Amino acid sequence: MSAAARLAELHAAMDRIREALERDQIEAMPPMLDAYDRAVDEFCRMEGAAALREGVQALHERQQQVIAAMRVRQDRLQALMRQQRQANRAVHAYAGAR
Numbered sequence: 000m001s002a003a004a005r006l007a008e009l010h011a012a013m014d015r016i017r018e019a020l021e022r023d024q025i026e027a028m029p030p031m032l033d034a035y036d037r038a039v040d041e042f043c044r045m046e047g048a049a050a051l052r053e054g055v056q057a058l059h060e061r062q063q064q065v066i067a068a069m070r071v072r073q074d075r076l077q078a079l080m081r082q083q084r085q086a087n088r089a090v091h092a093y094a095g096a097r
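The opening residue of the sequence shown carries number 0 in numbering that gives the first Met the number 0; numbering runs sequentially from there.
Treat the hints as calculated values from the structure; they're not laboratory data.
In this text, all values refer to a predicted model and were calculated from it rather than measured experimentally.
Worth double-checking, as some hints may not be accurate.
As the list claims (entries may be wrong) - Here are the in silico distance ranges between beta carbons for each label pair: (1) ALA11 / VAL71: 19 to 25 Å; (2) MET0 / GLN85: 33 to 39 Å; (3) MET45 / GLN82: 43 to 49 Å; (4) PRO30 / ALA67: 20 to 26 Å; (5) ALA34 / LEU79: 25 to 31 Å; (6) ARG72 / ALA34: 17 to 23 Å; (7) GLY54 / LEU76: 31 to 37 Å; (8) ASP23 / ARG61: 17 to 23 Å; (9) ALA92 / ALA34: 33 to 39 Å.
Where is the CB? At the ideal position from N, CA and C, for every residue including glycine.
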């Protein structure tokens, strides 16, 4: 397989990762991310990969966008967890005051 074809596969894999994140299919993501990481490593060792600078830069930018979306999701989930803990503390405080 050529480096250009492998790069196209990496772009398609990044699409699938982004789509899984958007559909909240978090449980499916770890194996996808592991496979993507291995594929990137293999691509970087391929002859001709360095010549595909623009495509690699575009992939890097897309990767950064997905990472940013993951962080936003993580922040939202952490906020929900904090709210749940506060609600639980309020319930326990109310129950203890009775």
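When the hints from earlier in the document are held up against this structure, which numbers fail? 2, 9
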